[in-house]
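Sequence lines, in order, name chains E and C. Residue numbers for the first sequence follow this note's numbering, so the first one is 1 and each next one is one higher. Residue numbers for the second sequence follow this note's numbering, so the first one is 1001 and each next one is one higher.
Treat the hints with caution; some may be incorrect.
Said to hold, decoys possible - Pair by pair, the computed Cβ-Cβ distance ranges are:
1. C:1208 - E:104: 23 to 33 Å
2. C:1206 - E:138: 20 to 30 Å
3. E:153 - C:1208: 52 to 62 Å
4. C:1219 - E:150: 16 to 26 Å
5. C:1208 - E:157: 17 to 27 Å
6. C:1138 - E:10: 30 to 40 Å
Hints in this document: simulated from the structure, not taken from any laboratory. Ideal Cβ positions, reconstructed from N, Cα and C, are used throughout, including at glycine.
Residues per chain, in single letters:
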Amino acid sequence: MTSETLHPHQLFADELKESDRKDLIDFSCGDETWSRAATEWLIGSEVWRSIEERKTKVWLYRTADGQLIGFGSLGVTRRRWPPPEGGYANLLIIPMIGIDVRYHGQPSDKNWRYSHQVISHLRYESILAWNEHVENKKSILPLLLLYVHRDNHKAIRLYEKFGFDGVQAASNDLILMAQKLSDELAL
Amino acid sequence: MAKFFKGDAVIDQAQNNTHLPLDVRAIRWLLQLPPDIRRQLLVAITESSAQVQEELLAQIKVLENPLADDSEKKRAYGTIRNALGLQACQDLLELDIDQCEIRSVVKESGAAYMASGSKSQQSVFYEKLEILLNSKRLTQSELAARLGMSQPAISQMLTRKCRPQRATILRIAAALEVDPQELWPDLEVARALDSVASVQEDQQLTIPEAEAIKRVLKGKPAKAPARPLPKLKG
C-alpha cells in the first residue's frame, strides 16, 4: 500500500519497544478510574512485566504522521478446563487497551473510528495466535477474553459491537467478556 | 511545557514570564488545584509585585514539600491567603484558598493523578519512598523488618523492578506512619492494576464464569471485523 492510497485516518500498529518510552510522556487515556489505570499500566512497569512474564504482545497505534493514538495488548492466560478438575487450557486475553483521551470518539467516520481499528486489529491478531497454538498442538480454547469495568458503558457497548458477550460480573467491579473465535478471518 | 500541560494557556503564559520562576514543585502543586481556582491563582500571582510573587512561590514550595508537616503547610496556606488579600484584585474575592486546602489535602484521586503530569504513579511512589526513608533515617533493612519482608524485596522495589501491590502500599504507609496517598496518590488505580495482573494469572473459573463460557463455546463464532494494520516503523 503506497502513501498515496492511504486513508487519512488509517492507523498503523507497531509492537512496543523500549525506545518508545519517550513517546508515552504525553499519553493519557483520561480521568476515569479505568482510564487512569490504563495510562499507568502503559507508562509504569506493568506493561513490561506483562511482556516479560506473560509473553503479552503490546502494540502502539499511530497515525501516518506518527501521532500516538492508543495501545492494545494480547496475551495468554490459563484456566482449568473443564472446571474444576480439568487440566490448564490456554485462553487468549486482552489484558489492557486504551485510546488517548484526545482521540476518544474520533474520527467521526465510524468506518475509520480509531477504537474500531484497534479492536479489529486485536481480533485479527487473536485469530492468528489461536491458529498458531493449534498448529503447535497446544491446548487452547477458541476464545478471546477481556475484563472491563462495569461502569465503563461506552467500552462495553464497543466490545458488544465487536462480538463480545458480557458473561459474568467478576470481582473488583469487573465484567468478564468473551467471544468465540472463528478460524476464518472476516476481513 | 505545552507538551505536559496542554490546553492550559495560563500556565504557558506563566512559564514565559521571566519574572515568574515557576519550578517543578510549584507547577505540580498548582496542577493539583481545581482548574478554575488554579487559573485565578495564576492570574493573581502574575499580577503581583515581584516581592509578593517571590513570597508566594516560596510558600508553594512548602506545600509541595513532602517533608513539610501539617502546621508548616497551614502556615503556608495562611501566608498565601494574606499575600493575595493584599492585592486589590476583584478576582481574588472569589478565590477560596480554604477550599483549595481541603481539596489539596484530601488529594482527590483524579486530580492527584493529573498533578503528577505524565509521570507514572509508580515513579512518584519510588521517589517519595526514598525521601521518606531518608527523612526518617530508616535503612531498607529496618523498613523490611517493620514489614516482615526481606531486604532484597525492598531493594528490588526501590530499583523500580516491580510495581507494589495496593496491600503493600498500605503496609509500607503504616510502617512509615504516613497517609498511603502520600506514597501512591491514586489507590483506586493501584487496585485496578492489581485486578488486571490477577486476571492474567492462572486461576480457576468460578461456576458462573464456567457456565457462561460453555454457552459462548456452544454458540457461533463472533462475526465482526478482524483486520491487520500496517506497520509504521520498519
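message: Hints numbered earlier in the text: which of these fail when held up against the supplied structure?
response: Hints 3, 6 not satisfied by this model.
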